[in-house]
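Chemist: So the chains spell out like this:
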Amino acid sequence: MKSYNCLLILLFTLLQNVGMAQDTIDMADTMRSNGKIYVVVGVISIIFLGIITYLIRLDSKISRIEKKLNKTAE
Amino acid sequence: MFQETKPRSWISKHWWKASGAILVMYSIVAGLLGDVPVLPILHESVRNLYFHVTMWFSMLAIFSFSLYYSIMYLTKSNIRDDINAEKFANTGILLGSLGVITGSLWARFTWGAWWVNDPKLNGAAISILIYFAYVVLRNSMDEEQKRAKVAAVYNIFAFVLMLVFVMVYPRLNQVDSLHPGNGGNPGFSSYDLDKNMRIVFYPAVLGWILIGIWISRLSARAEAIAYEQMTIFTKNKIDKNNEIL
Chain X
1 MKSYNCLLIL LFTLLQNVGM AQDTIDMADT MRSNGKIYVV VGVISIIFLG IITYLIRLDS
61 KISRIEKKLN KTAE
Chain R
1 MFQETKPRSW ISKHWWKASG AILVMYSIVA GLLGDVPVLP ILHESVRNLY FHVTMWFSML
61 AIFSFSLYYS IMYLTKSNIR DDINAEKFAN TGILLGSLGV ITGSLWARFT WGAWWVNDPK
121 LNGAAISILI YFAYVVLRNS MDEEQKRAKV AAVYNIFAFV LMLVFVMVYP RLNQVDSLHP
181 GNGGNPGFSS YDLDKNMRIV FYPAVLGWIL IGIWISRLSA RAEAIAYEQM TIFTKNKIDK
241 NNEIL
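Protein chains in written order, with our numbering: chain X, 1 to 74; chain R, 1 to 245.
One chain only, chain R, in its complex shape:
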């Protein structure tokens, strides 16, 4: 029922969870104690790069996993893929919301307002709303095959829209942005992200992606158990009814 054909060692099962935890732990220690470039306005808050920006990178990765499972569902019609797609989308929404909230706090103390009219902020907010619509749409249907199919199709649509709003729209030349790398501002690669920051930032991104996968899988496994129990329960009920008839 729950695929576990041959017993595997602890390391082969859990190495990626452990490395995710270690990488994020490293980013907390090295991110707070390591050397950062001395910049005006940002001061020590430049360290937020290790925590705020990683949320967006890992959100993109987790939404990609969700997209993958939706496509898998449409090709194979296995309800497990639908459960995975939903749980990965939920984790992506969590990471995205944390990104919006932390970004808002950071903006208050560097740009002077909780929310500024920046294409990246608005694009991110719209993307989160698009995924909220995914959750609402999926929960609005009772029939499980139909729900899974409609949710999978909408998820593909949502992913493309999210890419447009987060990746394409802020990079257009006509829009101005306060974010580095957008609207004529110098990008990551020039002076913002120097060598000292890179060796903390990229491990942090990888660590958060792994932890995001872990959280999504836990929630999907619990849902799969509930689903399995439910089908057994309804099957027993139908059998009983048939006996009475």
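Bound conformation, chain X alone:
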């Protein structure tokens, strides 16, 4: 019986330690709760969409030149 108790205590302390370890890992919870992470998402999205817009414009420009050259070749 005594050994069982010992084992149980050991197990509980271990579990508690695991729980503690999980609690002490900091994730950016304050940033999230303040809602500021959405600003970062917005900024990165704007930059990415800007690059995509640039690619679209470049694409249409090249298509226009190709069309023009096709016409002159005929």
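Hint data in this document are derived by calculation from the structure and do not stem from the laboratory.
Okay, derived cross-link-like pairs now, DSS-like style, lysine-lysine, Cα gap no bigger than 27 Å in a straight line: (1) R:Lys-6 with X:Lys-68; (2) R:Lys-240 with X:Lys-68; (3) R:Lys-13 with X:Lys-71; (4) X:Lys-67 with R:Lys-13; (5) R:Lys-17 with X:Lys-61; (6) X:Lys-71 with R:Lys-237.
Which chain R residues stay away from chain X? Per the calculated CB distances, all over 12 Å, these: (7) Phe-57; (8) Leu-74; (9) Ile-126; (10) Leu-129; (11) Arg-138; (12) Lys-149; (13) Val-150; (14) Lys-195; (15) Thr-234.
Glycine is no exception: its CB is placed at the ideal position from the N, C-alpha and C atoms.
Starting from the known structure of chain X, arrange chain R on it as the hints suggest.
Modeler: This is chain R only, laid out in the frame that chain X set:
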């Protein structure tokens, strides 16, 4: 001249570009806001998986396209294939360099140094150098058929070396690696990449591959126009000279 036999609708022409942009956009929003596993050392930086690792996956895909065009050139000797092979290789180098730089930044804040002696880091750096050599070799020759042929052969060689350095060498049992899945470290499939991360990671890879193809094709089309203009120009010049003679 620029193959466009029948007019196609906007969707059939551009659907893959749009889906690439949407997939990457989704990975930015879901990647920053979604749930990630709580892990020591990594903390929130585990989200880099959606941006750093995707660079490597898309680099492999883009280099495969480059290899395909090189093989096509060697079988058909069409200069368009050579142009495509070069532009896809350039995009692959861009993605690989971004992978090295972002990996270096990530390593600084998780492993403690900008560069560690890890087989994956060194293998990736060597692969990028091998492709730099491809660019230098291709640009060192003037005669266009010869340049295309030598570059195509070297590209096949470079692809195989790249696979060995990026895929095989870090997986050897004798080498130790800090990367997950290598040198005795637990891999992607065990706990690193849980279900929440998978539904962001794989779309992100696909999106970056599509955007990589888009960038390469744009650059190849511009080069094809320049090439076409150049041949017309030199032909006119030769005709004129013949008239004078």
